Amino acid sequence: DTEVTQTPKHLVMGMTNKKSLKCEQHMGHRAMYWYKQKAKKPPELMFVYSYEKLSINESVPSRFSPECPNSSLLNLHLHALQPEDSALYLCASSQDGVAIQETQYFGPGTRLLVL
Amino acid sequence: LAKTTQPISMDSYEGQEVNITCSHNNIATNDYITWYQQFPSQGPRFIIQGYKTKVTNEVASLFIPADRKSSTLSLPRVSLSDTAVYYCLVGDGDNSGATNKLIFGTGTLLAVQP
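Top line first, the protein sequences correspond to chains A and B. Following our numbering, the numbering of the first sequence begins with 17 at its first residue and continues without gaps. Following our numbering, the numbering of the second sequence begins with 21 at its first residue and continues without gaps.
Read the hints as simulated data drawn from the structure, not as lab findings. One or more hints might be untrue.
To be verified - Short, incomplete list of chain A residues facing chain B, as computed with Cβ under 7 Å:
{"#": "1", "residue": "A55"}
{"#": "2", "residue": "P58"}
{"#": "3", "residue": "Q117"}
{"#": "4", "residue": "T119"}
{"#": "5", "residue": "F122"}
{"#": "6", "residue": "P124"}
Keep in mind it's a predicted model, so treat the numbers as computed, not measured. From the three backbone atoms N, C-alpha and C, an ideal C-beta is built for every residue, glycine too.
Chain A with its partners taken away, still in its complex shape (with noise of 0.2 Å):
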């Protein structure tokens, strides 16, 4: 199995609203990314966790929390986000950390969209 799935698909939410992203993979991976891609533009890293310890936040506000229950699940919980969040949210795994030598497996992306 070399598929990460994420859940949402899509989702709407209000700047008051409390929402949480997921992500799941079964490869093994103990590496696990979100990223989150503007339209038209790259993706852009947010958090790493390295077997289950948070490894890399790149200054990303609080309204984000990302949580590693076990290896396989990776979470993003959003509150109080605001209209420039809407993006689309990507999961990453790769197998050990975060070395550019690892290939990274990604989700489908959750769109948010956010009122």
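Let chain A serve as the given structure and place chain B on it in line with the hints.
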């Protein structure tokens, strides 16, 4: 941060060879160069990876000059289904830590015509 730039778009016809170049003037010395393909509303998909010289797999070739400040993805005979955005991914050489910041290139939209 390193600047990783690519042409915004390229046009081609079916059966032609396409070469897409990525300029990464401050690539980390110990990092590989990776290329990904992305279709609309999907996550990027790995194409090929290399460190120096030339690498070839079943779908593409990757050419990297000795100074590693650029790389060229070569798609040998494109088809309509190769229409997508192509990104290079490198490590940022400005980061002195053990883990270099991952920088996606600006992306190239390849449009293949019949």
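Checked hints:
Interface restraint check for A55 of chain A: the shortest CB-CB distance to chain B comes to about 10 Å, outside 7 Å, so the restraint is violated. With its C-beta approaching chain B no nearer than about 4 Å, P58 of chain A sits inside the 7 Å limit, and its interface hint holds. A hinted interface residue such as Q117 of chain A counts as satisfied when its beta carbon comes closer than 7 Å to some beta carbon of chain B; here the least separation is about 5 Å, so the hint holds. A least Cβ separation of about 5 Å between T119 of chain A and chain B falls short of the 7 Å threshold, and the interface hint therefore holds.
The interface hint given for F122 of chain A is met, as the beta carbon of that residue sits about 3 Å from the closest beta carbon of chain B, less than 7 Å. At its closest, the beta carbon of P124 of chain A sits 6 Å from a beta carbon of chain B; the interface hint therefore holds under the 7 Å criterion.
Hint compliance for this structure: hint 1 alone is broken.
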